[in-house]
Amino acid sequence: MNLEILLGIAFGGAFLTYLLGKISSKLRNGFAVLNALALVVVTTFFYGHNIEKLIQFSFLDLPFILRMNMVSWFFAITIVGIGLLSILYSLKYMENEKNLNYYYFTILFINASMLGTVICGDLVSFFIFWEIMSWSTYLLISYKGGDKALFAGMKYIIMAIIGSMAMLLGIISLYVSFGTLEISSLAIQIQSASQNYILFILIMFSIAFIIINAFWPFHSWLPDAHAEAVTPFSSILSAVLVRKGMYGLYLFMYMILGLNILNKLKFGFISFNGILCWIGAITIIFAALTALLQNDTKRILAWSTVGQGGYMILGVAFATTFGMAGGTFHILNHCIYIALLFFVAGAIEYRTGGVRDLNSLGGLIKKMPITFTGGIIGICGLIGLPLTNGFVSKWLIYKTLIIENHPFLAFFAFLGTWGTILYGYKFIHNIFLGQLPGKYKDIKEVPFSMQLPIIILSIMVILFGILPGIPLKMINVVDTYLGFKSLNITLGGIASESGILNTINIFMAITVIFIIIWVITKKSGKTVKVDQYDTYAAGAAIPEDKYQYTVNFYNPFYRMVKPYLKDFIDEFYIRVALSIKNLANGIRQIYTGDVGYYVMYIILFLALLIFVQLNWKPW
Amino acid sequence: MVVTILEIILTIFLAGIIGLFFLGLSRKVMARMHWRYGPPITQPLIDIIKLFNQTNISHGVLFNFGIIFSLAGSIVVLLFIPLGKICPLSSSGGLLVILYLMLIGPLGLALSAGEASNPNASIGISRKFLLAMSYEIPLLLILLTVMTHYKTISIVEIVNTQLQTGWSFKYLPLIFSGIAYILILPAILGVRPFEMVQAPQEISSGPLAEYSGKYLALVTIQHAFNVFIGISLFTNLFLGGAENPGYLFLKMLGVFIIILLVNAVFPRFRIEQAIGYLWKLPTLLAFIGLIVVLVT
Numbered sequence: 001m002n003l004e005i006l007l008g009i010a011f012g013g014a015f016l017t018y019l020l021g022k023i024s025s026k027l028r029n030g031f032a033v034l035n036a037l038a039l040v041v042v043t044t045f046f047y048g049h050n051i052e053k054l055i056q057f058s059f060l061d062l063p064f065i066l067r068m069n070m071v072s073w074f075f076a077i078t079i080v081g082i083g084l085l086s087i088l089y090s091l092k093y094m095e096n097e098k099n100l101n102y103y104y105f106t107i108l109f110i111n112a113s114m115l116g117t118v119i120c121g122d123l124v125s126f127f128i129f130w131e132i133m134s135w136s137t138y139l140l141i142s143y144k145g146g147d148k149a150l151f152a153g154m155k156y157i158i159m160a161i162i163g164s165m166a167m168l169l170g171i172i173s174l175y176v177s178f179g180t181l182e183i184s185s186l187a188i189q190i191q192s193a194s195q196n197y198i199l200f201i202l203i204m205f206s207i208a209f210i211i212i213n214a215f216w217p218f219h220s221w222l223p224d225a226h227a228e229a230v231t232p233f234s235s236i237l238s239a240v241l242v243r244k245g246m247y248g249l250y251l252f253m254y255m256i257l258g259l260n261i262l263n264k265l266k267f268g269f270i271s272f273n274g275i276l277c278w279i280g281a282i283t284i285i286f287a288a289l290t291a292l293l294q295n296d297t298k299r300i301l302a303w304s305t306v307g308q309g310g311y312m313i314l315g316v317a318f319a320t321t322f323g324m325a326g327g328t329f330h331i332l333n334h335c336i337y338i339a340l341l342f343f344v345a346g347a348i349e350y351r352t353g354g355v356r357d358l359n360s361l362g363g364l365i366k367k368m369p370i371t372f373t374g375g376i377i378g379i380c381g382l383i384g385l386p387l388t389n390g391f392v393s394k395w396l397i398y399k400t401l402i403i404e405n406h407p408f409l410a411f412f413a414f415l416g417t418w419g420t421i422l423y424g425y426k427f428i429h430n431i432f433l434g435q436l437p438g439k440y441k442d443i444k445e446v447p448f449s450m451q452l453p454i455i456i457l458s459i460m461v462i463l464f465g466i467l468p469g470i471p472l473k474m475i476n477v478v479d480t481y482l483g484f485k486s487l488n489i490t491l492g493g494i495a496s497e498s499g500i501l502n503t504i505n506i507f508m509a510i511t512v513i514f515i516i517i518w519v520i521t522k523k524s525g526k527t528v529k530v531d532q533y534d535t536y537a538a539g540a541a542i543p544e545d546k547y548q549y550t551v552n553f554y555n556p557f558y559r560m561v562k563p564y565l566k567d568f569i570d571e572f573y574i575r576v577a578l579s580i581k582n583l584a585n586g587i588r589q590i591y592t593g594d595v596g597y598y599v600m601y602i603i604l605f606l607a608l609l610i611f612v613q614l615n616w617k618p619w
Numbered sequence: 001m002v003v004t005i006l007e008i009i010l011t012i013f014l015a016g017i018i019g020l021f022f023l024g025l026s027r028k029v030m031a032r033m034h035w036r037y038g039p040p041i042t043q044p045l046i047d048i049i050k051l052f053n054q055t056n057i058s059h060g061v062l063f064n065f066g067i068i069f070s071l072a073g074s075i076v077v078l079l080f081i082p083l084g085k086i087c088p089l090s091s092s093g094g095l096l097v098i099l100y101l102m103l104i105g106p107l108g109l110a111l112s113a114g115e116a117s118n119p120n121a122s123i124g125i126s127r128k129f130l131l132a133m134s135y136e137i138p139l140l141l142i143l144l145t146v147m148t149h150y151k152t153i154s155i156v157e158i159v160n161t162q163l164q165t166g167w168s169f170k171y172l173p174l175i176f177s178g179i180a181y182i183l184i185l186p187a188i189l190g191v192r193p194f195e196m197v198q199a200p201q202e203i204s205s206g207p208l209a210e211y212s213g214k215y216l217a218l219v220t221i222q223h224a225f226n227v228f229i230g231i232s233l234f235t236n237l238f239l240g241g242a243e244n245p246g247y248l249f250l251k252m253l254g255v256f257i258i259i260l261l262v263n264a265v266f267p268r269f270r271i272e273q274a275i276g277y278l279w280k281l282p283t284l285l286a287f288i289g290l291i292v293v294l295v296t
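Residue numbers (my numbering), protein chains in the order written: chain B, 1 to 619; chain D, 1 to 296.
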């Protein structure tokens, strides 16, 4: 199997889908799903392969190189997997929207370009694919149109461009210094470079990757982008696109520079990795507390995306075997459950006619049981409850932090988990529990093509939680490729000498105890089922449909922390943007279009020159 | 294998008995302080047996399963905490797993009570989570101090070290954490002044408002286990654990009596006051403890 074929299918499929859409919409939908499926199948074949291929198609005398290794494969499979599920989900979700040809084309195109970034083997094509990705994401964020969507898209693209420019500077500097941009030969040559130069390159690239990863203080584009993007794309954005930043860090920190150089990058007690860790910790805490105060389903999830990124960077930046396994596993886990949660939020939107306000939903568990099951499993994974996948990766990360003697980072990470519980419960409670408002009495479960992605991802969350050995084996291969020691992995977790985790034991214990209690309760006492209005209110009658129990769920806390939790960073960016706009407006006043003014400018300028010459005689 | 299963059964049994005894004892002690005679110590057990035979109401599937899940979660936590020398699941992940498993209890109960669609339940849950969030900050600092000090995440190893060197409470770095732990213990156990979650006179028992019959029995059992877990975790980490369950029980009894005295004399905080209290002195002490451990 050839790598060109993979790229060909990805890009060709996107264009073909657009063309087929001109003929018939059914044909287009079918082809889009087939194309995404083909990508998954083809990508699976590359498992364990290590290919590097030079293609005779040069640009500025720089060759175009494709390469596939375990790291690329790991990211590629998440891209194509989530891509397939989102397109499947889009079929019904997007049914009544306009511009569908454009939508399917862009979504496939983004997938193709993301695939491009992970399987290219030189920095020029990496940059090109990266730019295609950024621009097409902008197109899809602003897809809905309207002021807010355009604003969100603009916020995103400005930040993305700042990142790309930093990266471009790094790339040019690398080319000037080493005369090559092939990743594999750069990895060898850069070993001899000076420490300061490496630091400069690293910072330039990190800016790009941190922005796309939405780490604090560059997080502010993500919540807006999510709130405005269409839901199937939100799940791609949050699950895989944002994590291209993690791929970038892997590529740069571990594939090009390598552990030896990274460990040497220390100035006193401040190291590059240490700074990354603290950025991660701040991101976790800030995002968790902000998410707590949100009242919009997708904004909560967007903030959680920001926060979970912090855990990944905590694991990855420590660069130990445990931490790396935890960080890598967390990327995979996050991708699974956040996609799941966005699909759930989308299902609610689909059935309630676009309602995303948590304060006006409630009681939907009785009407949408499958969506609810998906939601609760996703939230459990997000929290990291034992027996879900999130638990294993977080366990590995905490374990690293404690072994490496960083209790404060561990504290922030744990605290973030408590924040997650609070907003996770709010998400579930406000949508599915509590009283069902009368207007949602006749709501039905979503159609099967929307249930299917939810079901598949839910099963994966649970499966990887009970048998973490399956994904950890693959992650172990990824990490050993990056030069880390191999972990001793069992089917139920980890059995290395510095830490044992056995989820199968926990699973057995909980299941057996659960069944015993269930049987006991089943046998005893009679149960009478009552409806939602038949509740105890200490003698005071609760009027029907008057109360909304979910409004201001954490109000006492909200009152306490609100003054401290302003998004100063976001306000700062907006202020900078505004003042630049004002400045530009001011400058535009000069160009009046009246020739008389221009003549006056010229004369004034000449007068200035003459004045300067007469006074100081510089020429 | 057989030994492990026997140990598991023994742990659950003993913990249940001790927990229910504590519940009964607390009613008796409180009554005596109020110059009443009080119910017999076995009253909670009698109540549970009675409740299992009564008719009960249900609000849906999650209402039933949430509480069962919550109880199962609490019981599994027990298996990770050493009861004397008995600790059936000691080698499955240590203190980090305990921290996470302890989430299942409140979360299961909250999900179950959430489906009841009772406004009091929603208020109670919201308070429960906020309270948990606020005592979790000092608690995490304390646990991290202990883990950093002993350089392990295994609670069995912590207990074993203490058996050789003496209680952690006696040593300088951990004394701050120990005091902080005592200060937040009433909040963890949910007794006065941190009783705002249930607040019977105010929000009619909060999350428990809709439970009746066997489900109320399950909630009571879960409460008994939670009391046991809360106190035994403290005893194991700071008071040296014990070599046999009997000795551990005596230590736990001592701690529980102190908590009861606090419970008897204090009125109820509002939730903001509770957050304010927990984030000041206990957090400061726990923080100092962690700094001291890191420096030494």
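Honestly, the hints are just simulated from the structure, not real lab data.
Possibly wrong hints are sitting among the right ones.
What the hints assert, rightly or not - Every beta carbon over 10 Å from chain B, so not counted as near; a handful from chain D, in silico:
no., residue
1, V2
2, R27
3, R36
4, Y37
5, N56
6, I75
7, N120
8, I175
9, A209
10, Y215
11, N244
12, Y247
Stated by the list, open to error - Here are some of the chain B residues that sit facing chain D, going by a computed Cβ distance under 7 Å:
no., residue
13, N295
14, F553
15, F568
To be verified - Residues from chain D that keep clear of chain B, each with C-beta distances beyond 10 Å, as calculated:
no., residue
16, D47
17, G60
18, Y100
19, L101
20, L111
21, A116
22, R127
23, L130
24, I179
25, K214
26, G246
27, L253
28, N263
29, G276
The C-beta atom is built at its ideal place from N, Cα and C for all residues, glycine as well.
Results of checking the hints against the structure:
1. V2: holds, 15 Å
2. R27: Holds, because the least Cβ-Cβ distance between D/R27 and chain B comes to about 22 Å, which exceeds 10 Å.
3. R36: Non-interface label on D/R36 holds, nearest chain B Cβ at 24 Å vs cutoff 10 Å.
4. Y37: holds, 28 Å
5. N56: Nearest chain B Cβ is 6 Å from D/N56, so the label is violated.
6. I75: violated, 5 Å
7. N120: Its Cβ does come within 10 Å of chain B, the nearest being 7 Å, so this is violated.
8. I175: holds, 17 Å
9. A209: Given that some Cβ of chain B is not farther than 10 Å from that of D/A209, nearest at about 5 Å, it is violated.
10. Y215: violated, 8 Å
11. N244: Nearest chain B Cβ is 24 Å from D/N244, so the label holds.
12. Y247: At about 26 Å from chain B, D/Y247 clears the 10 Å cut-off, so the statement holds.
13. N295: Since the shortest Cβ distance to chain D is 14 Å, the answer is violated.
14. F553: With a minimum Cβ separation of about 5 Å from chain D (threshold 7 Å), the hint on B/F553 holds.
15. F568: Constraint on B/F568 not satisfied, violated at 22 Å.
16. D47: Fine: 14 Å to the nearest Cβ keeps D/D47 off the interface.
17. G60: violated, 7 Å
18. Y100: The claim is violated: D/Y100 sits with its nearest Cβ about 5 Å from chain B, within 10 Å.
19. L101: violated, 6 Å
20. L111: violated, 7 Å
21. A116: violated, 7 Å
22. R127: Answer for D/R127: violated, closest chain B Cβ roughly 8 Å.
23. L130: Non-interface label on D/L130 violated, nearest chain B Cβ at 5 Å vs cutoff 10 Å.
24. I179: Label holds. Min Cβ-Cβ 18 Å, cutoff 10 Å.
25. K214: Check fails; 4 Å does not lie beyond 10 Å.
26. G246: holds, 25 Å
27. L253: holds, 26 Å
28. N263: holds, 23 Å
29. G276: violated, 8 Å
Violated hints, in rising order: 5, 6, 7, 9, 10, 13, 15, 17, 18, 19, 20, 21, 22, 23, 25 and 29; the structure is consistent with all others.
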